[in-house]
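Asker: Residue-level listing of the chains:
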Amino acid sequence: MYAKHFIYTFLALFTSIATWAQFQIRTQVSSQSIGINQVIEVRFVMNDDGDDFKRPSFENFDILGGPNPSISYVSVNGRNSMEKSFSFFVQPKKKGNLIIGSASVVFEGKQYKSQQVTIHVGDAVQEQPRPQQRRRDPFAAFFEEEEDFYNRQRQQQQLPKNMGQGIHLVAKISKTSAYVNEPVTIEYGLYVSDQAGFNTMAVKNMPKYENFWNHMIEQKQQNVTRATLNGKSYRYLALQKAVLLPQKDGTLKIDPLEIELDEQYYTGRADVFGAPEIGIRKKVYSSGSKTIQVKQLPLDSQPAGYTGAVGSYQFTVQANKTSVKANEPLELILTVQGKGNLDLLTLPKPVAPTALELYDPEKINRVNKSISAGMEGSKAEKYVIVPQYKGTYTIEPITFSYFDTVSKTYKTITSQPITIEVTDGPELPTNASMNNKAEVVSDKMQMQPLNKNIEWFNGNFITQNKSFYAWWLAPLLLLPIVFLAKKVSDKKAGDVSGNKLKASNKLAKKYLSAAKTQIGNKEAFYEALERCLHNYLKAKLKIETTEMSNDTITELLQNNQINSEDISTFISIKTTCEMARYAQMDIQTMQNDYDLAVQLINSIDKQIKK
Amino acid sequence: MKQLLILLSFCFSVGLQAQEDNDALFTKGINAFNEKDYAASAQVFEKLVKTDSLNATLHYNLGTAYLRLQNTGLSIYHLEKSLKLQPDYEPARINLNFAEKLKTKVTKGNLPIPQQQMLYSVFNFLKPNTWAYLAIASMFLTVIVLVVYRLNSNATAKKALFTLSIFTLSISIGSYFISKNQSDYLLMNNYIIVKDKDVLLMNEPRSVAKITATLNEGEKGFIQEETNQWIKIQLQNDTIGWVDKKNVLQY
Numbered sequence: 001m002y003a004k005h006f007i008y009t010f011l012a013l014f015t016s017i018a019t020w021a022q023f024q025i026r027t028q029v030s031s032q033s034i035g036i037n038q039v040i041e042v043r044f045v046m047n048d049d050g051d052d053f054k055r056p057s058f059e060n061f062d063i064l065g066g067p068n069p070s071i072s073y074v075s076v077n078g079r080n081s082m083e084k085s086f087s088f089f090v091q092p093k094k095k096g097n098l099i100i101g102s103a104s105v106v107f108e109g110k111q112y113k114s115q116q117v118t119i120h121v122g123d124a125v126q127e128q129p130r131p132q133q134r135r136r137d138p139f140a141a142f143f144e145e146e147e148d149f150y151n152r153q154r155q156q157q158q159l160p161k162n163m164g165q166g167i168h169l170v171a172k173i174s175k176t177s178a179y180v181n182e183p184v185t186i187e188y189g190l191y192v193s194d195q196a197g198f199n200t201m202a203v204k205n206m207p208k209y210e211n212f213w214n215h216m217i218e219q220k221q222q223n224v225t226r227a228t229l230n231g232k233s234y235r236y237l238a239l240q241k242a243v244l245l246p247q248k249d250g251t252l253k254i255d256p257l258e259i260e261l262d263e264q265y266y267t268g269r270a271d272v273f274g275a276p277e278i279g280i281r282k283k284v285y286s287s288g289s290k291t292i293q294v295k296q297l298p299l300d301s302q303p304a305g306y307t308g309a310v311g312s313y314q315f316t317v318q319a320n321k322t323s324v325k326a327n328e329p330l331e332l333i334l335t336v337q338g339k340g341n342l343d344l345l346t347l348p349k350p351v352a353p354t355a356l357e358l359y360d361p362e363k364i365n366r367v368n369k370s371i372s373a374g375m376e377g378s379k380a381e382k383y384v385i386v387p388q389y390k391g392t393y394t395i396e397p398i399t400f401s402y403f404d405t406v407s408k409t410y411k412t413i414t415s416q417p418i419t420i421e422v423t424d425g426p427e428l429p430t431n432a433s434m435n436n437k438a439e440v441v442s443d444k445m446q447m448q449p450l451n452k453n454i455e456w457f458n459g460n461f462i463t464q465n466k467s468f469y470a471w472w473l474a475p476l477l478l479l480p481i482v483f484l485a486k487k488v489s490d491k492k493a494g495d496v497s498g499n500k501l502k503a504s505n506k507l508a509k510k511y512l513s514a515a516k517t518q519i520g521n522k523e524a525f526y527e528a529l530e531r532c533l534h535n536y537l538k539a540k541l542k543i544e545t546t547e548m549s550n551d552t553i554t555e556l557l558q559n560n561q562i563n564s565e566d567i568s569t570f571i572s573i574k575t576t577c578e579m580a581r582y583a584q585m586d587i588q589t590m591q592n593d594y595d596l597a598v599q600l601i602n603s604i605d606k607q608i609k610k
Numbered sequence: 611m612k613q614l615l616i617l618l619s620f621c622f623s624v625g626l627q628a629q630e631d632n633d634a635l636f637t638k639g640i641n642a643f644n645e646k647d648y649a650a651s652a653q654v655f656e657k658l659v660k661t662d663s664l665n666a667t668l669h670y671n672l673g674t675a676y677l678r679l680q681n682t683g684l685s686i687y688h689l690e691k692s693l694k695l696q697p698d699y700e701p702a703r704i705n706l707n708f709a710e711k712l713k714t715k716v717t718k719g720n721l722p723i724p725q726q727q728m729l730y731s732v733f734n735f736l737k738p739n740t741w742a743y744l745a746i747a748s749m750f751l752t753v754i755v756l757v758v759y760r761l762n763s764n765a766t767a768k769k770a771l772f773t774l775s776i777f778t779l780s781i782s783i784g785s786y787f788i789s790k791n792q793s794d795y796l797l798m799n800n801y802i803i804v805k806d807k808d809v810l811l812m813n814e815p816r817s818v819a820k821i822t823a824t825l826n827e828g829e830k831g832f833i834q835e836e837t838n839q840w841i842k843i844q845l846q847n848d849t850i851g852w853v854d855k856k857n858v859l860q861y
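Those protein sequences? They're chains R and X, same order as listed.
Start counting the first sequence at 1; every next residue gets the next number (the working numbering).
Start counting the second sequence at 611; every next residue gets the next number (the working numbering).
What the hints contain is simulated information worked out from the structure, not anything from laboratory work.
Hints are not guaranteed to be accurate.
What the hints assert, rightly or not - The calculated lysine-lysine pairs, modelled on DSS-like cross-linking and capped at a C-alpha distance of 27 Å, are:
(1) X/K694 to R/K466
(2) X/K657 to R/K452
(3) R/K172 to R/K241
(4) X/K769 to R/K486
(5) R/K248 to R/K295
(6) X/K646 to X/K657
(7) R/K93 to R/K241
(8) X/K657 to R/K492
(9) X/K718 to X/K820
(10) X/K660 to R/K452
(11) X/K660 to R/K486
(12) X/K807 to X/K694
(13) X/K638 to R/K452
(14) R/K248 to R/K290
(15) X/K807 to R/K487
(16) R/K491 to X/K769
As the structure is a computational prediction, the values presented were derived from the model and not from experiment.
Make the full structure from the sequences, and use the hints.
Answerer: What follows is the structure, encoded as structure tokens:
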């Protein structure tokens, strides 16, 4: 509403003063200074309906679009005005100050020419500025025609000409010269002057911190503070903070941080309400690369147990109790406190007697990183010790050395020895038994040497060979041969009578053995003995039982060349048998008679064989 | 006569000349080991093992050389083989423990033990060939005793001789079976050792089959089945699968 009133008042004033009716043609360009890759709009504007428009030649430009004619009529309070324009989009062909020539138009028989315009063409612009949508309004003609007046009206509102020039991206490092492992802090900050502003920010390139251990300092919130740079006051925003530990000596380079800002700038025009028009363009800022001179730690004076600590430290060793029972745990805490490369240092290891069982430590790190101090805090290792045997044990003094960056020398801190009293528990085993045990273990633990005695085998199993079976089973073939041979030889030696003899021998044996069983039973014994003798003779001398008289027997035996002694024995035994069967006789003679019969049979047998 | 010659050639090994060469090589291998040139030592013993593949001492020495060379698969294989040939050889057992420590992953669990292994351990006090000679000798004795028995007419003597012949015959048959069992056991492969790194254990005996597991060098498996190219094995953790023959050593 206010704007409307303003316009009406303005127009009322204007109509009273202005002297109209003069034809005019003017040249308007969207920008007087451009990059070679940019496009400008050139408009030729006349305030009445001129004919026969002739455009300039645009020698140094390419015409990308146009002519775009436009005509507008305005009628205010019965007074008519019009505007006619032709616009072209052109792109410069070369750099430098280029001139756009005059356009001509004929009005009421008279030729009018526009003024020449010089355009400054500079280097190519990477990101083409994107002006916010131009506000075009139907009253533009008024503003353009009444620019002087408009400027007078806004005399007091000076446009800040240097807008967009007050932004600086700065990297600050705490020191440009450091030792290896000495913490260095770096802070990237954005300085923005009161005249400048930006909408959004995008990181284009993050530094990689090669050859450094880097620890980012996390910022809980980003606060804009005021800071001065080169004597001027700026708004300041810290973008990134980091603690860097150089890992290598020499000149180390830190890559720049690059960010892209959507920067606000004044287009040089004003909007419909007179406020200066703000455009947004993208611009890349770089912090520039930084270098740090890194020095090697002096090697010649390095202490023996140095583990890489650089800074300034305090070292303490504490036990939570010094008098315990066996199998009761106690804690030993090693602490390093101070400023320096706490993250990278290693704590020394305590040395305890074997009777104290030492477990792996629990690590407690309390490290703060800040821009002012770099890295500070404490690093601790908590060992749990369980004593096994009764006695008094000493934990050897522990040394911790570090490189002091202030005095530039190595410093060594040695802790006090700690004595632990184990009051209760089993006795320590004697050394002898311990040694023996160790020996046995070590023997088993040693790799065994080569075996120097070789028995060649050559991998031939004789059971896998067929000839083995020949050798193994061949002797069995011998058996049937031998048995067969024996049988054949037996056949040759004897005949049918021989076989009969064999049978009668058996018979004789049978009867003799029958008689033997009957010893003690007189009648049965002698009967058996007599029968036996008869059978024997039957077999040997081929006589029948009917011929069994004493005379015949004697004759037969004599014929067979049996000696007379045996014959008389035979006769006497026979007589004894017959007598015994019919007369009383002494019992003792039975055994004698049996033995006599056996002897007799053997004797006769031998003589018959001859 | 020919058979007698063959048997004699067994008795005196292959030939005296070859034996002398092997003795020289053996000494060379021992010396190289003592001079800490384990690679050369392993090379020499490898050559010897090729000529005498069932010699416990050679396998032990070769395995120990490979152990020094930190070759997991081969050292485990040769030490295991040495223990198979001579189960009571304590140094091989100790060195095998060291070799087991070279393995990247420790596997626990037991593999099946073939029956023949038990018999082998029991009768290992005599070598398989000695058992075979014993079988032949006692067979000869049996025949001699039987012949004497047949020719003798004394009943008591005959009885004793017959009993003796039964006894020697059973010794002969027993020795034969022991010898046969031992040689069969030594020639048969019951286990495998993985010799390469990251060997694939397949579900089926095909190279495109599903992969059951990945085996580490030195892992041991029990052979269940065998085809031309593949072996079905049982691992210590009872996993069963097929593995390519060229990635494993059998013993």
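Asker: Checking one constraint from the list: CA of R/K491 to CA of X/K769, max 27 Å. Satisfied?
Answerer: Holds - the C-alpha atoms of X/K769 and R/K491 are around 24 Å apart, at most 27 Å.
Asker: Between X/K646 and X/K657, is the straight-line Cα distance small enough, at 27 Å or below?
Answerer: holds (19 Å)
Asker: Taking only the CA atoms, is the gap from X/K807 to R/K487 under or equal to 27 Å?
Answerer: violated (74 Å)
Asker: Straight-line Cα separation of X/K660 and R/K452 no greater than 27 Å?
Answerer: holds (18 Å)
Asker: Quick one, are R/K93 and R/K241 close enough, alpha carbons at most 27 Å?
Answerer: The given pair, whose Cα atoms are some 46 Å apart, is violated under the 27 Å limit.
Asker: Does the alpha-carbon distance linking R/K248 and R/K290 stay inside the 27 Å limit?
Answerer: Measuring from Cα to Cα gives roughly 16 Å; hence the hint holds.
Asker: Given the proposed pairing of X/K807 with X/K694, does the C-alpha separation stay at or below 27 Å?
Answerer: holds (24 Å)
Asker: Compare the distance between the alpha carbons of X/K694 and R/K466 with 27 Å, and conclude whether the hinted pair is satisfied.
Answerer: holds (26 Å)
Asker: So if I understand the rule, the pair passes when the alpha-carbon distance is 27 Å or less; does X/K657 with R/K492 pass?
Answerer: violated (66 Å)
Asker: Would the hint linking X/K638 and R/K452 be met if the CA-CA limit is 27 Å?
Answerer: Answer holds: X/K638 to R/K452 is near 11 Å, not above 27 Å.
Asker: Taken at face value, is the distance from the CA of R/K452 to the CA of X/K657 at most 27 Å?
Answerer: The given pair, whose Cα atoms are some 17 Å apart, holds under the 27 Å limit.
Asker: Are the Cα positions of R/K172 and R/K241 separated by 27 Å at most?
Answerer: Distance ~10 Å between R/K172 and R/K241 Cα, so the pair holds.
The structure is inconsistent with the numbered hints 7, 8, 11, 15, although it conforms to all the rest.
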